[in-house]
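Asker: Next come the chains, spelled out residue by residue.
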Amino acid sequence: MSPVIQVTGVRKTYGSTVAVAEASFEVNEGEIFGLIGPNGAGKTTTMECIEGLRKPDRGAIAVLGLDPFREVYKLQERIGVQLQQAQLQKRIKVWEAVDLWASLYRKKALDGERLLEQLGLSDKRNAWFMNLSGGQKQRLFIALALINDPEVVFLDELTTGLDPQARRAIWELVRGIRERGKTVFLTTHLMEEAERLCDRVAIMEHGRIIDIDTPEGLVARHCPERAVVLDTEDAAAGERFQGIAGVESVTSIGKRFTIRGRGDDLVSEVIHCLSESRIRVTDFRTILPNLEDVFLKLTGRSIRE
Amino acid sequence: MMMRGLWKLTWIEIKVFLREPLGAFGTIGIPVLLFVVLGRATHLRVAPSSLAASGVNTASIPVLVSLLIAISAVLSLVTIISIYREGGILKRLRATPLRPQTILTAHVMVKLLLSAATLALMLMAGRRYIPPGAHVPWFSFTIALMISTWSILSMGFLIASIVPTARFAQPIGAVILYPMIVVSGLFVPVQSFPPALRVVARALPLTYATSLLRGIWNGDGWRAHMGDVAALTVLFLLFTVISAKVFRWE
Numbered sequence: 336m337s338p339v340i341q342v343t344g345v346r347k348t349y350g351s352t353v354a355v356a357e358a359s360f361e362v363n364e365g366e367i368f369g370l371i372g373p374n375g376a377g378k379t380t381t382m383e384c385i386e387g388l389r390k391p392d393r394g395a396i397a398v399l400g401l402d403p404f405r406e407v408y409k410l411q412e413r414i415g416v417q418l419q420q421a422q423l424q425k426r427i428k429v430w431e432a433v434d435l436w437a438s439l440y441r442k443k444a445l446d447g448e449r450l451l452e453q454l455g456l457s458d459k460r461n462a463w464f465m466n467l468s469g470g471q472k473q474r475l476f477i478a479l480a481l482i483n484d485p486e487v488v489f490l491d492e493l494t495t496g497l498d499p500q501a502r503r504a505i506w507e508l509v510r511g512i513r514e515r516g517k518t519v520f521l522t523t524h525l526m527e528e529a530e531r532l533c534d535r536v537a538i539m540e541h542g543r544i545i546d547i548d549t550p551e552g553l554v555a556r557h558c559p560e561r562a563v564v565l566d567t568e569d570a571a572a573g574e575r576f577q578g579i580a581g582v583e584s585v586t587s588i589g590k591r592f593t594i595r596g597r598g599d600d601l602v603s604e605v606i607h608c609l610s611e612s613r614i615r616v617t618d619f620r621t622i623l624p625n626l627e628d629v630f631l632k633l634t635g636r637s638i639r640e
Numbered sequence: 029m030m031m032r033g034l035w036k037l038t039w040i041e042i043k044v045f046l047r048e049p050l051g052a053f054g055t056i057g058i059p060v061l062l063f064v065v066l067g068r069a070t071h072l073r074v075a076p077s078s079l080a081a082s083g084v085n086t087a088s089i090p091v092l093v094s095l096l097i098a099i100s101a102v103l104s105l106v107t108i109i110s111i112y113r114e115g116g117i118l119k120r121l122r123a124t125p126l127r128p129q130t131i132l133t134a135h136v137m138v139k140l141l142l143s144a145a146t147l148a149l150m151l152m153a154g155r156r157y158i159p160p161g162a163h164v165p166w167f168s169f170t171i172a173l174m175i176s177t178w179s180i181l182s183m184g185f186l187i188a189s190i191v192p193t194a195r196f197a198q199p200i201g202a203v204i205l206y207p208m209i210v211v212s213g214l215f216v217p218v219q220s221f222p223p224a225l226r227v228v229a230r231a232l233p234l235t236y237a238t239s240l241l242r243g244i245w246n247g248d249g250w251r252a253h254m255g256d257v258a259a260l261t262v263l264f265l266l267f268t269v270i271s272a273k274v275f276r277w278e
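Going down the list, the sequences are from chains A and B.
Quick note on this note's numbering: the first sequence kicks off at 336 and runs consecutively.
Quick note on this note's numbering: the second sequence kicks off at 29 and runs consecutively.
Hints listed in this document are in silico derivations from the structure and should not be mistaken for laboratory results.
Hints may be right or wrong, so weigh each one.
Within a straight-line C-alpha distance of at most 35 Å, the following computed DSBU-like cross-link-like pairs (lysine-lysine) qualify [as the list claims (entries may be wrong)]:
#1 Lys390/A <-> Lys273/B
#2 Lys425/A <-> Lys273/B
#3 Lys459/A <-> Lys36/B
#4 Lys442/A <-> Lys273/B
#5 Lys442/A <-> Lys36/B
#6 Lys43/B <-> Lys409/A
#7 Lys632/A <-> Lys36/B
#8 Lys472/A <-> Lys443/A
#9 Lys273/B <-> Lys409/A
#10 Lys632/A <-> Lys273/B
#11 Lys472/A <-> Lys273/B
#12 Lys43/B <-> Lys472/A
#13 Lys472/A <-> Lys36/B
#14 Lys119/B <-> Lys472/A
#15 Lys443/A <-> Lys36/B
#16 Lys36/B <-> Lys390/A
#17 Lys459/A <-> Lys273/B
#18 Lys409/A <-> Lys36/B
#19 Lys119/B <-> Lys425/A
#20 Lys36/B <-> Lys425/A
#21 Lys590/A <-> Lys273/B
#22 Lys443/A <-> Lys119/B
#23 Lys43/B <-> Lys442/A
#24 Lys409/A <-> Lys119/B
#25 Lys43/B <-> Lys632/A
#26 Lys590/A <-> Lys119/B
In silico negatives: residues of chain A with every beta carbon more than 12 Å from chain B [stated by the list, open to error]:
#27 Ser351
#28 Val353
#29 Gln411
#30 Gln419
#31 Gly455
#32 Pro499
#33 Ile579
#34 Thr586
#35 Arg620
Label-pair restraints from in silico Cβ distances [said to hold, decoys possible]:
#36 Pro192/B <-> Asn461/A: 55 to 63 Å
#37 Leu46/B <-> Gly400/A: 42 to 50 Å
#38 Asp546/A <-> Trp35/B: 46 to 54 Å
#39 Leu225/B <-> Gly496/A: 50 to 58 Å
#40 Arg636/A <-> Val274/B: 34 to 42 Å
Fair warning: this is a prediction, and the values are worked out from it, not measured in the lab.
Where is the CB? At the ideal position from N, CA and C, for every residue including glycine.
Excised from the complex, chain A in its bound form (with noise of 0.2 Å):
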């Protein structure tokens, strides 16, 4: 699979504030690939440098072989982009948003009425933007960011300010586009979106990229930590737990025990003692780091500080 973008030491600042302080990194071909950090950390303007909206100071950058600021409308016709914050006319219909969308490209666009159906949106085309719910305007953004039947999809933080349920009604559409054989490059500072969506991630912080791999892969390498928290009325168990390979502390709040260890094998180690042992235990479960824990770890606080 080649690199669809290649993003190669790019740097911006405004005035004294560096935006982007340096970042490299490439996104493969048909992957739904996350930029994620804290708001600020440059995600949103390392984006619109990618769309040619933004000119970086240095590096460079080429998006399906084309220069994004000098060759930017030839790249416009084939990227969708959904902008974070973004706006339309207020009292503008949805169908006319769409009508006008897939006016402005030279090939022919996507059937408007069957995208606004996909989207949920049939009933709301005679409505103004300015009526719309946060999560109709948003799918009503992803739709103008598919009318040219585009080859990558840029998506700027698609889901802030929307419920949970909304959240995962358009989590379901973005997998659908990946599905569709498009590149997905989207930015996030919700971890769980990051985890559950993308394929490989990259997390940013102060302008800079600090690491780049599949949010599994993150996990194993940053945080190895994993726990199993149970419930036994066995007195003897402590003592077999201590002699499990691997595990570093055991501690215990009357029948609740918590082993603490390290690696894949903690979880199976632990379901082999207890069989063998014959314990029996009343619950059990495990806790595993995610990439919230990675973040916390790389960067020394929490992204929602």
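Got chain A sorted already, so can you dock chain B onto it with the hints?
Answerer: Relative to chain A, chain B alone:
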């Protein structure tokens, strides 16, 4: 390439504009009403036949109202552009193959069409306040108003570039544009201004617009006003070049 999307965008902007009753009324309704009210006031006081004899310039009211039409079109443009910028609408439109100049051209066309429509309404509604003897060259006058509006619109883009937020667009625009009527020579001839003020007047498009509109209304030929048209064109080019440098899309 430039044309792709232009007509559709223009048409949508017209529809969107007319869907906001207050804005549409303010831009179209107020100049028409003003013309009728002013026309009525002068009409009642002075018999039409003695108007010309009395020395009152019969062109003053239509020219004043025409200037107001142009200014309200420009104010509306300044407001819309700043709202579109603040809301990220301009940015969203730019993230397409649309050329920036196509977006701005669509707005200029909307305003020119609205100005022409307002003028037509004004002439229809105020028909009986125009002295029966006066032959109004309405077609030339419409063209003159459109040239004037077009030139002043370029100033609007410059104002739209400097207003910090949409909230200030209307007041800042009004403070810049309305006083221009006072020094335009409509009420007091430019020749009688102190020298410094005369220089200011000569640098403003409204001065030439007034001269052009008044002349055309009074039946002058275009050749007599080529200087005004040239000045309006030069000012348009000047403001457009400056706007192109300082215009902010977001």
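Asker: Going through the numbered hints above, which ones does this structure break? Give me the numbers in ascending order.
Answerer: Hint check: 7, 10, 17, 21, 25, 26, 29, 30, 36 fail, others pass.
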